[in-house]
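J.: In case you want the letters, here they are:
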Amino acid sequence: MSIRIVGAGAAGISVLDEWILFSDHPEGSLACDGEASSVEGSLASEKLLLAPDLVGGLGCFGSRDLAWRMVGRENQRLDGLLRDCAGLLIVTGLAGGMGATVAEALSLKAGEREIPTTIFALLPFPFEAEERREAAEAAREGFSAQASVFLFSTAGLLPEESAPGVAGVRSRLREFHGTIARWVDVWSGMADGVVLPVGRGSEAEVSPFAVAGEMEDCHVFGETGSCLDLSSLPFWESREFGQAAEKADHCLGYIEASEEVSGWASELEKLLQEHLPKRARNSFYRRKQARPMQNRLLLLLGRAHSRLPKSKLPEPVREEQIQTRTEVPVHSPLPAAPERELAHSSAESIPFAKTTATVHKGENLDIPAYRRRSGSRGERK
Amino acid sequence: MFGGKSRSVLVGLEAGTSKIKVAVAELGADGSLSLLGVAESPSTHIRKCEITDFEMTQKAIHQAILDAEAKTDVSIGEVYLAISGAHIRSFQSRLALDLGEEGTMIEEGHLRELRELVRQQALPPGQILLHDLLQTYILDDGTATSNPVGLFSRRLMADYHLVSGIATRLQTTVHCVKDLSLRVKGYALSSYATAQALLTPEQKSFGSVVINCGAGITDYIVYRNGFVAHSGTLGVGGDHLTNDLAVAVKIPFPRAEELKRTHGTVDLREETAHRRVSLPAEGPYEQRFVPMSLIVEVLQARQAEIFEIIREDLEAQPFWESFSGTLFLTGGGSQLDGIQKMAGKVFDRSVEAAKPLPFQGGGSGEIRQDWTTVLGLLRYGRIVERQESGGGRWDRMGRSLRRLFSGIRSL
Ligand SMILES: Nc1nc2c(ncn2[C@@H]2O[C@H](COP(=O)(O)OP(=O)(O)OP(=O)(O)O)[C@@H](O)[C@H]2O)c(=O)[nH]1
Ligand SMILES: Nc1ncnc2c1ncn2[C@@H]1O[C@H](COP(=O)(O)OP(=O)(O)OP(=O)(O)O)[C@@H](O)[C@H]1O
Ligand SMILES: [Mg+2]
Ligand SMILES: [Mg+2]
Chain E
1 MSIRIVGAGA AGISVLDEWI LFSDHPEGSL ACDGEASSVE GSLASEKLLL APDLVGGLGC
61 FGSRDLAWRM VGRENQRLDG LLRDCAGLLI VTGLAGGMGA TVAEALSLKA GEREIPTTIF
121 ALLPFPFEAE ERREAAEAAR EGFSAQASVF LFSTAGLLPE ESAPGVAGVR SRLREFHGTI
181 ARWVDVWSGM ADGVVLPVGR GSEAEVSPFA VAGEMEDCHV FGETGSCLDL SSLPFWESRE
241 FGQAAEKADH CLGYIEASEE VSGWASELEK LLQEHLPKRA RNSFYRRKQA RPMQNRLLLL
301 LGRAHSRLPK SKLPEPVREE QIQTRTEVPV HSPLPAAPER ELAHSSAESI PFAKTTATVH
361 KGENLDIPAY RRRSGSRGER K
Chain Z
1 MFGGKSRSVL VGLEAGTSKI KVAVAELGAD GSLSLLGVAE SPSTHIRKCE ITDFEMTQKA
61 IHQAILDAEA KTDVSIGEVY LAISGAHIRS FQSRLALDLG EEGTMIEEGH LRELRELVRQ
121 QALPPGQILL HDLLQTYILD DGTATSNPVG LFSRRLMADY HLVSGIATRL QTTVHCVKDL
181 SLRVKGYALS SYATAQALLT PEQKSFGSVV INCGAGITDY IVYRNGFVAH SGTLGVGGDH
241 LTNDLAVAVK IPFPRAEELK RTHGTVDLRE ETAHRRVSLP AEGPYEQRFV PMSLIVEVLQ
301 ARQAEIFEII REDLEAQPFW ESFSGTLFLT GGGSQLDGIQ KMAGKVFDRS VEAAKPLPFQ
361 GGGSGEIRQD WTTVLGLLRY GRIVERQESG GGRWDRMGRS LRRLFSGIRS L
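The listed protein sequences derive, respectively, from chains E and Z.
For the record, in the first sequence the residue sitting at position 155 is 155 according to my numbering, with numbers rising by one throughout.
For the record, in the second sequence the residue sitting at position 309 is 309 according to my numbering, with numbers rising by one throughout.
If you're looking for bench data, these hints aren't it; they were derived computationally from the structure.
C-beta: ideal position from N, C-alpha, C; glycine also.
Please note that the accuracy of each hint is not assured.
[To be verified] Some residues of chain Z that are not near chain E, with every Cβ distance over 10 Å (derived):
id: 1; residue: E50
id: 2; residue: E55
id: 3; residue: Q63
id: 4; residue: K71
id: 5; residue: Q92
id: 6; residue: I138
id: 7; residue: D239
id: 8; residue: A248
id: 9; residue: A304
id: 10; residue: A316
id: 11; residue: P318
id: 12; residue: I367
id: 13; residue: E388
[To be verified] Calculated pairs, DSSO-like style, for lysine-lysine (alpha carbon to alpha carbon, straight line, at most 30 Å):
id: 14; chain 1: E; residue 1: K288; chain 2: E; residue 2: K270
id: 15; chain 1: Z; residue 1: K341; chain 2: Z; residue 2: K355
id: 16; chain 1: E; residue 1: K361; chain 2: E; residue 2: K270
id: 17; chain 1: E; residue 1: K361; chain 2: Z; residue 2: K185
id: 18; chain 1: Z; residue 1: K345; chain 2: E; residue 2: K361
id: 19; chain 1: Z; residue 1: K59; chain 2: Z; residue 2: K185
[To be verified] Covered, in the sense of this in silico footprint (three residues per stretch, anywhere, with C-beta under 8 Å from a C-beta of chain Z), are these stretches of chain E:
id: 20; segment: 90-98
id: 21; segment: 179-186
id: 22; segment: 359-368
Here chain Z stands alone, though its shape is the one from the complex:
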């Protein structure tokens, strides 16, 4: 990592509920990312982002990796992994560091100290910490700042957005990859990775919500003032829309999936309200006529419920009332017709289809909404690697400083 490797390759891997996706990019010495290629293979044994059949999933991952290698002519040895699932919890945490009665000038070491503290926080049994995302530092007079180094204060507080998950579930996913002789270089919460693929620094500052509509999971993340203000994961997604349709129309799941993609909408327009979709006889299936109104009713009920549960959660956050940012919809499920209009109504905020940030060397026109997570992983990987190469030395120094301070602090 420290060496002057001329060609550094980043690989993102998402073991999604519907597809395994692998993205490969080259990280230039100047920090630029050029996308080399994306590969995918269907995943049949992942439900709600949880692996239900280890071996089958491993095969699917292997297939996607082989595909990616063939497409990009890169031999893949390490990956960044997207993590998601209904077991993921996120919460806020505020920590305080006492700097003495007279006040102290804040140094880098204090910041690290706080970070160490947050990592030591007690979690519910079985949970491990995935992310500790710093939001802001707060001084004793209430000033919030992103960089307090050099300032004087008697107390230094920090707000963190923490994300944790059930250790065994995460281990299953990580093992699945490791068994293929792939090193997991790092992992990121799926929604966090996704946001990196979509949001410019301005959008993160101004305020943005990214809702990633996956097959098994709908996850979301809120950026405000440049940092993560909130995130959440809901174990309901596109598979539920499809399943509802399959139950209502009484057709097998794959047929319902096709029906959803070709005729599915959550916007009942007058001209289609009285139409019926004919499912042609095909192979063993007989011809069927499905009222458009039924399709809309079923999909609306589900998609509205998903959005309403998310809205409920957002409304419980202190910032939501004054939040005037934009909602971005992404993930395969965001291609559902009428979904933006519906989100606009439910959230009462402006809604846009997400536009993935371009990569060096163009070709971004081809970027699909269901690739945003895996592409975001590449950007996440870039951030991590640049911090590592730049901050590795700092980190070591930090540790020795901490040891020094820890003696004082315990007094």
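Just chain E, same shape as in the assembly:
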């Protein structure tokens, strides 16, 4: 028995690749799309290009109808993926054609086989067309009722005030995919048994990913560094966190620390009580052994609701304690710069931005060669 982590469609594959790049144990990865460029460019250990006989590796151009036909053609191979599967995580963009369709099909198949299934779905960007939002809505409805679905919000990802430019948008997207990839890592850690719930008395020690239902409007925050001071993490004070916290009723916290963990959990609990609405329910998870030089704190805020009869969901624990919101003092900056800063500076220095493109026989050679040449791999003389 093994687990599978499927990146479906371009967005899903991007997240999957991010995970593979920083995970110390990237097992069970599979890239699945109808577009050859995204499948072949992926780092996944297994790759599934859908219905190349039908669309020639060009994808489904956002069409759900075509996507379903493609999936229909690949019925057997998709079934094959679930053979001996002990747990399934699907990552996908929700508003596209291929990824959402694959996610829907796989979740239904897994549901029939009673394979615990989690879906990380990226909601459409605010600027995407109405039809795409509707398509996203439909896909969401279509997921198996047994699946545990996390809907990640893209609102506020790209600020309206100042146009960040293409490089800026790309780096933000990458950063966004990276933060979701961290939760892929948490998921895989739980499947491997190296990530465990932090037991706190009465609270049910279940994996949040095994709970059938939906966590909507998910926002993720995180910090990594060799020494983290929980009380002065930069996101506590950010507008994004404030907005996400206001709407959230659930908070998942993940802790990876090289030393004492129990202290962290109670400190975190306190901090969350300060920052989240009273109704919010927290559950914490930790990694048994921190990886070298890594201390990490991740938070996932969202609103949970069931898609099944209530009884299947563990009851949220009501916090009886009344906590007054206190003003948090201004914090000194962390020793390590947050990751989002770094992604920006790198995007700024795209090396060929200001030059005339190098074109050879109609081909732009400034585009990475491995992407352009992936088709002819191994065929060189």
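With chain E's structure known, arrange chain Z with the ligands on it following the hints.
T.: Structure of chain Z with the ligands alone, referenced to chain E:
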């Protein structure tokens, strides 16, 4: 130049995509060159050998010059400049001089005449001629010779290898230097200069290809029978390898550069195939694991493409099929692990790492592959200055001869 200056200093300057390099040498009265020193400063605003920020580049050049002056205790006033860029074109040209029905004895003046003709050749608008490199003279009976003076013929033909570039691009580079109160004494195509640093006369005769793997440009030059048979410039280089890696591994460019230098290879060996390189957490960066197979795939795709484009160009040359010379790889990018093996496969010729020719006074053991262009400039400068001092008088005489002949020729 004519005077008996006891100490004559030559300075080479390469405004490369990754670094500005300055080399200083002393030219002895006997024509010997002793290297006094090399200085460099990082260049951040040159891409594919083109200046994208004039002022910043000027600062970097200034810094390198100051450095060189401090190192060598020489006050630098004039430089030889390396020229490169994707706008450079090279092509073959054959010219003919009619020497009359009865035939004429060929004189020096005829050779100069040809040279004048080649310089007057029409180029595409905006282009100027950088080099006119003589290959061979051909007589009416088809005999090829490098020195036809004294021979009789009805026609004298000459084959030239011409190199041209876009005037405005070249002017930008030249201005950048001139604004620093430096005189540009001469300039040379980067690959041409590089070859001077590496090839012995025997190697030029026997046949050699020099491929200079720079950061923004890969340029190459072919010597055969002692003259330049072909040259080319491709606007793809080490920066592209790095950028491909940055995109594939999703890390910032500087990290990718470091990864390329420390673990980069285009030769996937069995023992490393399944390894992953760990990029340690450092400052704001998190730990990452990059599969060796990915690094190799990305670098291979790019480096093979560079070589294949060059091979395609060489295969289009008439001499290539029978060419049995050696390929030399140089430039910073030639330090990539496995690159020689790859070049051997792609070009199907013997490949060697270039060994820079030694300078007087030794110390050549220290010569780095990314210095070969700037060191070659010194040798180029030496050739030019010796021709000038020896041939200045000739040149003037040549001109008056030409005037004389031009009247006859127009008949
Ligand atoms: N294209 C793209 N979409 C993203 C990205 N990140 C999030 N998304 C979201 O994911 C949705 C689906 O896009 P894709 O993954 O490109 O679509 P697909 O699943 O490959 O299906 P097609 O539409 O057929 O290409 C988009 O509508 C976005 O809302 C990204 O980096 N690229
Ligand atoms: N060990 C190494 N492995 C691979 N590449 C290397 C190594 N060391 C240096 N390089 C590459 O060499 C290049 C720099 O070479 P060089 O100094 O010859 O270029 P340049 O003269 O600045 O550029 P150009 O001539 O294109 O303007 C960089 O792209 C660098 O990444
Ligand atoms: Mg797609
Ligand atoms: Mg160079």
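J.: Hint by hint, note whether the structure agrees.
T.: Hints versus structure:
1. E50: Contrary to the label, Z/E50 does not stay out of reach of chain E, its closest Cβ about 6 Å off (not over 10 Å).
2. E55: Per Cβ check, Z/E55 is outside 10 Å of chain E; nearest 14 Å; holds.
3. Q63: The claim holds: Z/Q63 sits with its nearest Cβ about 20 Å from chain E, beyond 10 Å.
4. K71: 30 Å, holds
5. Q92: Nearest chain E Cβ is 21 Å from Z/Q92, so the label holds.
6. I138: The claim stands: Z/I138 keeps its Cβ more than 10 Å from every Cβ of chain E (closest is about 33 Å).
7. D239: The assertion about Z/D239 is violated, with a minimum of 5 Å to chain E.
8. A248: 6 Å, violated
9. A304: 6 Å, violated
10. A316: Holds, because the least Cβ-Cβ distance between Z/A316 and chain E comes to about 13 Å, which exceeds 10 Å.
11. P318: Correct as stated: the minimum Cβ-Cβ distance to chain E is 21 Å, above 10 Å.
12. I367: Per Cβ check, Z/I367 is outside 10 Å of chain E; nearest 27 Å; holds.
13. E388: Holds, since 36 Å exceeds 10 Å.
14. E/K288 <-> E/K270: Holds, at about 22 Å.
15. Z/K341 <-> Z/K355: The hint holds at about 17 Å.
16. E/K361 <-> E/K270: This hinted pair is violated, its Cα atoms lying about 63 Å apart.
17. E/K361 <-> Z/K185: The given pair, whose Cα atoms are some 37 Å apart, is violated under the 30 Å limit.
18. Z/K345 <-> E/K361: 23 Å, holds
19. Z/K59 <-> Z/K185: 20 Å, holds
20. 90-98: violated (count 0)
21. 179-186: violated (count 0)
22. 359-368: holds (count 4)
The structure fails hints 1, 7, 8, 9, 16, 17, 20, 21 (numbered hints given earlier, in ascending order).
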